[in-house]
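A.B. asks: Quick mapping for you: the protein sequence lines, in order, are chains G and L. Quick note: the first sequence, position 276, residue 568 per our numbering, numbers continuous. Quick note: the second sequence, position 424, residue 716 per our numbering, numbers continuous.
Derived from the structure by calculation, the hints contain no laboratory data. Do not rely on the hints blindly, as some may be mistaken.
Pairs involving identical chains hold if they fit within one copy or between any two copies, as the list cannot separate such chains.
Stated by the list, open to error - List time: in silico DSS-like cross-link candidates among lysine-lysine, alpha-carbon distance up to 25 Å:
1) Lys787 - Lys734
2) Lys588 - Lys727
3) Lys405 - Lys295
4) Lys727 - Lys791
5) Lys488 - Lys466
6) Lys791 - Lys330
7) Lys514 - Lys466
8) Lys748 - Lys371
9) Lys322 - Lys787
10) Lys384 - Lys727
11) Lys514 - Lys462
12) Lys597 - Lys424
13) Lys787 - Lys321
14) Lys732 - Lys295
15) Lys727 - Lys597
16) Lys791 - Lys748
17) Lys732 - Lys384
18) Lys734 - Lys316
19) Lys384 - Lys734
20) Lys462 - Lys386
21) Lys316 - Lys727
22) Lys371 - Lys466
23) Lys732 - Lys386
24) Lys588 - Lys386
25) Lys405 - Lys322
26) Lys732 - Lys787
There are 2 protein chains.
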Amino acid sequence: MPKYQNLDAAGAYKKLLALAPQGKAFDFKKELNADRVKAYRVPMAGGLTYSYAAKAVNEATLQVLQELADEQELIEKYKLLLNGEVMNTGEKRKVLHHLLRGQLGAPVLHEGKDLGQFYAGELKRFSEFARKIHREASFDTVVQIGIGGSDLGPRALYLALENWADRNGKRKMKAAFISNVDPDDASQVLSQLNLKRTLFVLVSKSGITQETLANELFVKAKLRAAGLDPAKHLVAVTSETSPLAHNSDYLDSFYIDDFIGGRYSSTSAVGGVILSLAFGPETFAAILEGAHEADKSALEKDIKKNPALLDALIGLWERNVLGYPSTAILPYSQALSRFPAHLQQLDMESNGKRVNRNGEPLHYATGPVVFGEPGTNGQHSFYQLLHQGTDIVPLQFIGFQESQRQDDVEVDGSTSQTKLKANLAAQIVAFAKGKDDQNKNKEFPGGRPSSLIYGKTLIPQALGALLAHFENKVMFQGFAWNLNSFDQEGVQLGKVLTKQVLAGNSGDSALEAYAELLSI
Amino acid sequence: MPKYQNLDAAGAYKKLLALAPQGKAFDFKKELNADRVKAYRVPMAGGLTYSYAAKAVNEATLQVLQELADEQELIEKYKLLLNGEVMNTGEKRKVLHHLLRGQLGAPVLHEGKDLGQFYAGELKRFSEFARKIHREASFDTVVQIGIGGSDLGPRALYLALENWADRNGKRKMKAAFISNVDPDDASQVLSQLNLKRTLFVLVSKSGITQETLANELFVKAKLRAAGLDPAKHLVAVTSETSPLAHNSDYLDSFYIDDFIGGRYSSTSAVGGVILSLAFGPETFAAILEGAHEADKSALEKDIKKNPALLDALIGLWERNVLGYPSTAILPYSQALSRFPAHLQQLDMESNGKRVNRNGEPLHYATGPVVFGEPGTNGQHSFYQLLHQGTDIVPLQFIGFQESQRQDDVEVDGSTSQTKLKANLAAQIVAFAKGKDDQNKNKEFPGGRPSSLIYGKTLIPQALGALLAHFENKVMFQGFAWNLNSFDQEGVQLGKVLTKQVLAGNSGDSALEAYAELLSI
Numbered sequence: 293m294p295k296y297q298n299l300d301a302a303g304a305y306k307k308l309l310a311l312a313p314q315g316k317a318f319d320f321k322k323e324l325n326a327d328r329v330k331a332y333r334v335p336m337a338g339g340l341t342y343s344y345a346a347k348a349v350n351e352a353t354l355q356v357l358q359e360l361a362d363e364q365e366l367i368e369k370y371k372l373l374l375n376g377e378v379m380n381t382g383e384k385r386k387v388l389h390h391l392l393r394g395q396l397g398a399p400v401l402h403e404g405k406d407l408g409q410f411y412a413g414e415l416k417r418f419s420e421f422a423r424k425i426h427r428e429a430s431f432d433t434v435v436q437i438g439i440g441g442s443d444l445g446p447r448a449l450y451l452a453l454e455n456w457a458d459r460n461g462k463r464k465m466k467a468a469f470i471s472n473v474d475p476d477d478a479s480q481v482l483s484q485l486n487l488k489r490t491l492f493v494l495v496s497k498s499g500i501t502q503e504t505l506a507n508e509l510f511v512k513a514k515l516r517a518a519g520l521d522p523a524k525h526l527v528a529v530t531s532e533t534s535p536l537a538h539n540s541d542y543l544d545s546f547y548i549d550d551f552i553g554g555r556y557s558s559t560s561a562v563g564g565v566i567l568s569l570a571f572g573p574e575t576f577a578a579i580l581e582g583a584h585e586a587d588k589s590a591l592e593k594d595i596k597k598n599p600a601l602l603d604a605l606i607g608l609w610e611r612n613v614l615g616y617p618s619t620a621i622l623p624y625s626q627a628l629s630r631f632p633a634h635l636q637q638l639d640m641e642s643n644g645k646r647v648n649r650n651g652e653p654l655h656y657a658t659g660p661v662v663f664g665e666p667g668t669n670g671q672h673s674f675y676q677l678l679h680q681g682t683d684i685v686p687l688q689f690i691g692f693q694e695s696q697r698q699d700d701v702e703v704d705g706s707t708s709q710t711k712l713k714a715n716l717a718a719q720i721v722a723f724a725k726g727k728d729d730q731n732k733n734k735e736f737p738g739g740r741p742s743s744l745i746y747g748k749t750l751i752p753q754a755l756g757a758l759l760a761h762f763e764n765k766v767m768f769q770g771f772a773w774n775l776n777s778f779d780q781e782g783v784q785l786g787k788v789l790t791k792q793v794l795a796g797n798s799g800d801s802a803l804e805a806y807a808e809l810l811s812i
Numbered sequence: 293m294p295k296y297q298n299l300d301a302a303g304a305y306k307k308l309l310a311l312a313p314q315g316k317a318f319d320f321k322k323e324l325n326a327d328r329v330k331a332y333r334v335p336m337a338g339g340l341t342y343s344y345a346a347k348a349v350n351e352a353t354l355q356v357l358q359e360l361a362d363e364q365e366l367i368e369k370y371k372l373l374l375n376g377e378v379m380n381t382g383e384k385r386k387v388l389h390h391l392l393r394g395q396l397g398a399p400v401l402h403e404g405k406d407l408g409q410f411y412a413g414e415l416k417r418f419s420e421f422a423r424k425i426h427r428e429a430s431f432d433t434v435v436q437i438g439i440g441g442s443d444l445g446p447r448a449l450y451l452a453l454e455n456w457a458d459r460n461g462k463r464k465m466k467a468a469f470i471s472n473v474d475p476d477d478a479s480q481v482l483s484q485l486n487l488k489r490t491l492f493v494l495v496s497k498s499g500i501t502q503e504t505l506a507n508e509l510f511v512k513a514k515l516r517a518a519g520l521d522p523a524k525h526l527v528a529v530t531s532e533t534s535p536l537a538h539n540s541d542y543l544d545s546f547y548i549d550d551f552i553g554g555r556y557s558s559t560s561a562v563g564g565v566i567l568s569l570a571f572g573p574e575t576f577a578a579i580l581e582g583a584h585e586a587d588k589s590a591l592e593k594d595i596k597k598n599p600a601l602l603d604a605l606i607g608l609w610e611r612n613v614l615g616y617p618s619t620a621i622l623p624y625s626q627a628l629s630r631f632p633a634h635l636q637q638l639d640m641e642s643n644g645k646r647v648n649r650n651g652e653p654l655h656y657a658t659g660p661v662v663f664g665e666p667g668t669n670g671q672h673s674f675y676q677l678l679h680q681g682t683d684i685v686p687l688q689f690i691g692f693q694e695s696q697r698q699d700d701v702e703v704d705g706s707t708s709q710t711k712l713k714a715n716l717a718a719q720i721v722a723f724a725k726g727k728d729d730q731n732k733n734k735e736f737p738g739g740r741p742s743s744l745i746y747g748k749t750l751i752p753q754a755l756g757a758l759l760a761h762f763e764n765k766v767m768f769q770g771f772a773w774n775l776n777s778f779d780q781e782g783v784q785l786g787k788v789l790t791k792q793v794l795a796g797n798s799g800d801s802a803l804e805a806y807a808e809l810l811s812i
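Okay, chain G solo, but in the shape it has when bound (with noise of 0.2 Å):
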């Protein structure tokens, strides 16, 4: 059994803090050159390079870091969970979306029912599904209503890859989503549908989600209206406990269970049926191999070949030593314009936490926040306070070398791709080295550290395994941090005061008034 003890109970942890530059910055025009960026690298899954070479760490920092992951025992906690251990302390639940992708430790069971051949079939099942709806042809557009994790990871996944799909002939239907309670949403995305060629994709683990709930009766409502019958139009995933489950409401039915938290759910049913009707079974298959790669990969117990791992220690040297408050996400790619808000909620709903797994009090800073837009759109919006602010926010860049299209023009001597590319290497170096001035307003100080991750294109399994890796980041920063990551006790407060406030009862008299003022 490996030992759970806080970060500040580490003996590598006291020696990374001594570790601190006081006052002397890491020396990224000194350091930051030609050799070391092509050292500081490790390849990933599905053919990306994670770059660290812009990161303020040197080898005496790496060598810390590795002990740190060794004393907190990193990899042998990433294996018990990869066996069916309880890493979700506080709701007492395996943590399985690893065994979604395939198996690296032992069986799951459960009671009497081995976890692995339950998703695996029910993979075969919304595949088999997808197939029948394309050979059938009565759908053009899939639809899916659900929320969070049912709503950011499919979603930011379907973005990224609609592009590819079409240049490669994988394109099988439209998607569209539905996920605010806001009624504008619903009404919208509805107005703008042919129902009659629209299947719906319900998604809600518990059954019970309000928002999407609501949604699901707004849809069916306007199924009614325009003379559809809503059970030939809905397809539910959900759990087996739920009263979505095994209901003659759905056209068919697909399954998760409890050991799949929302914001990990992009490799089930959640993201699959919904990919699988878009881009076809095999794509989702292709999601599923670069994911599962990633977290093969993510077994390595030496920093330097474990991309997840390396990540997950270098974001705590920044958060915990460096004091940095949050990051950004910056994908040099408009596929992945909503990559950044799925990272935001894996993150911040992970590790913004402030007890440790045992429920005691934590007294150092756990996950940060976490923001991006992809480039270069972002360099003509925020990276003026990234350059020149007060703060430091380190900085996670991601780059193709080739687009998805392959569609482009040539203008002054480039193309467009290319142009995207010179943007992306010229912001890593200005960040880090910066430029003195005479005039202190045009002077950038540097220092500002980032990380790339690049590939060929942005293919499925390329998508696949930078998914995972950032799951396997949270998961080790987690560890890290002896939290559980896997729990999201800070969304309870929020939803019992909601029904206290539609009940009337609230007994709260400034929720009255703020009810009073919105004219609830």
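Start from chain G and add chain L according to the hints.
C.D. replies: Just chain L now, with coordinates in the frame of chain G:
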């Protein structure tokens, strides 16, 4: 002449620091009641109200914030700006976006030209142009080609009013946006259009924005390939000194000048041409009306009667005294889905600065990181960290009593709009008051401050008021910090290095190595 002094030279700032809570946080459980909710409100333009009951301020704080506003002469500086003083000290330019909405100061003359008349003239010209296009009815879609301020603000406003326009018979044309230099952006957008029926608005003040020019040539190549004449499908929005001006390559051209900064340009031709085409000139005029009303309300010296000023000062209190490094924008309105992205640019590009207006280094924190997503979606994403993370993030809620489309469904005794509002009210109180629990994992510390901007429904006047409120808030903060909110030198270094990469002469071995990784 008002005096310009750094924040830390102000006597009121020292008094403010002395009010720091020193471990004893503001006690919302005790303080936040119905009386406070009713009292701590300021009417805003456009029928909106600014509620700050859930901010960690009391009468003593407000008193010193008033002193600070007076000592830093924030209103006087605003008046100077309105009168055409050179307030963009870095670029030695006037700052005149308020004048786009109407005149509040003396006539502003530049080289003998009355700029108020110039802006009004352009407004009239593009309003007439829009009417002509609507009459001729040869186009049904308008596409904006622009990046940064030529994209984020106009796009946020367009999305904010789509539902309102559809519901109220104001929809004239569909709109789309091309911004990123990533060729997949333009290629995908164009693949979904009927080019014959599409009018493009090319927006670049300088006429030399790399991304926008690349996308212009992309679009022109596609038009020619479709047998169409680009000169009959493009209009330009630019400055009169740019290469795009007075150019027969465009159907028409509309002008702004150097005194309208990109992120402040939504109420100029930059936002006006596309919004007038999409929703009619009357709709754009209503946005201007709301903005002008907000600009007027920002002249009030009493912070309790000036919502933008009060918002700015409370933000300062949170940033410089309470030490919170980021802030979240949380609109409970799907229509405002991209409004946080606009505010992210507005705030971070304006006040993400480390030198004062004279170029001297500052020794206090300036602009925070700004991020956000619509509620209730965010509740199922990053709110976990906001409620239970180790850092406190101040929150800006926005909500409306009624939906835009008035198309709703009742489930479990309440409409979706009522559920949306109940969630909003519940979150404010949950963040402020928290909840004790024996199980520390289920405990909510509270003490997380928020403000609320609310109104009846999101109509053009309210949207204009909202836009101007935040512009004025950011302006007042910039004055208080004694920095120049109106330049963006932090974007220059990346541009220079990008050109060097494209020319193959960066002279930096690391930069060349990164270019090689990306196969440039």
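A.B. asks: Give a verdict on every hint.
C.D. replies: The hints, checked one at a time:
Taking the closest pair of Cα atoms, Lys787 and Lys734 come within 25 Å of each other only across two copies (13 Å); inside a single copy the shortest separation is 48 Å, beyond that limit. For the identical chains of this complex, Lys588 and Lys727 are neighbours neither inside a copy (41 Å) nor across copies (41 Å), given an alpha-carbon limit of 25 Å. Taking CA atoms no more than 25 Å apart as the test, Lys405 paired with Lys295 passes in neither setting, with 29 Å inside one copy and 76 Å between copies. For the homomeric pair Lys727 and Lys791, the shortest alpha-carbon distance between copies (16 Å) is at most 25 Å, but the shortest distance inside one copy (55 Å) is not.
For a Cα distance limit of 25 Å, the shortest separation of Lys488 from Lys466 qualifies both inside one copy, at 14 Å, and across copies, at 24 Å. When the C-alpha separation of Lys791 and Lys330 is checked against a cutoff of 25 Å, the pair qualifies only between copies, where the shortest distance is 23 Å, while the shortest distance within a copy is 56 Å. For a Cα distance limit of 25 Å, the shortest separation of Lys514 from Lys466 qualifies both inside one copy, at 20 Å, and across copies, at 24 Å. Taking the closest pair of Cα atoms, Lys748 and Lys371 never come within 25 Å of each other, the shortest separation being 31 Å inside a single copy and 54 Å across copies.
When the C-alpha separation of Lys322 and Lys787 is checked against a cutoff of 25 Å, the pair qualifies only between copies, where the shortest distance is 22 Å, while the shortest distance within a copy is 53 Å. In this homomeric assembly, Lys384 and Lys727 come within 25 Å of each other (Cα to Cα) only across copies, at 22 Å, whereas the closest approach inside a single copy is 52 Å. Proximity of Lys514 and Lys462 under a CA criterion of 25 Å is satisfied inter-copy only: 24 Å between copies versus 30 Å inside one chain copy. Within a single copy, Lys597 and Lys424 get their C-alpha atoms no closer than 42 Å, and across copies no closer than 64 Å, so neither meets the 25 Å cut-off.
When the C-alpha separation of Lys787 and Lys321 is checked against a cutoff of 25 Å, the pair qualifies only between copies, where the shortest distance is 19 Å, while the shortest distance within a copy is 51 Å. Taking identical chains as interchangeable, the C-alpha atoms of Lys732 and Lys295 lie at most 25 Å apart only when they sit on different chains, with a minimum of 21 Å there against 51 Å within one chain. In this assembly of identical chains, Lys727 and Lys597 lie within 25 Å of each other by CA distance neither inside one copy nor across copies; the values are 33 Å within and 44 Å between. In this homomeric assembly, Lys791 and Lys748 come within 25 Å of each other (Cα to Cα) only across copies, at 23 Å, whereas the closest approach inside a single copy is 49 Å.
Taking the closest pair of Cα atoms, Lys732 and Lys384 come within 25 Å of each other only across two copies (16 Å); inside a single copy the shortest separation is 55 Å, beyond that limit. Within a single copy, Lys734 and Lys316 get their C-alpha atoms as close as 22 Å, which meets the 25 Å cut-off; across copies the closest is 41 Å, which misses it. When the C-alpha separation of Lys384 and Lys734 is checked against a cutoff of 25 Å, the pair qualifies only between copies, where the shortest distance is 14 Å, while the shortest distance within a copy is 54 Å. When the C-alpha separation of Lys462 and Lys386 is checked against a cutoff of 25 Å, the pair qualifies neither within a copy, at 35 Å, nor between copies, at 53 Å.
With identical chains, the CA atoms of Lys316 and Lys727 are at most 25 Å apart within one copy only, with a shortest distance of 17 Å there and 42 Å across copies. Taking the shortest alpha-carbon separations for Lys371 and Lys466, neither the intra-copy value of 39 Å nor the inter-copy value of 53 Å comes in at or below 25 Å. In this assembly of identical chains, the alpha carbons of Lys732 and Lys386 lie at most 25 Å apart only when taken from different copies (21 Å versus 54 Å within one copy). In this homomeric assembly, Lys588 and Lys386 come within 25 Å of each other (Cα to Cα) only inside a single copy, at 19 Å, whereas the closest approach across copies is 59 Å.
Taking identical chains as interchangeable, the C-alpha atoms of Lys405 and Lys322 are never at most 25 Å apart, the minima being 58 Å within one chain and 52 Å between chains. For the homomeric pair Lys732 and Lys787, the shortest alpha-carbon distance between copies (18 Å) is at most 25 Å, but the shortest distance inside one copy (50 Å) is not.
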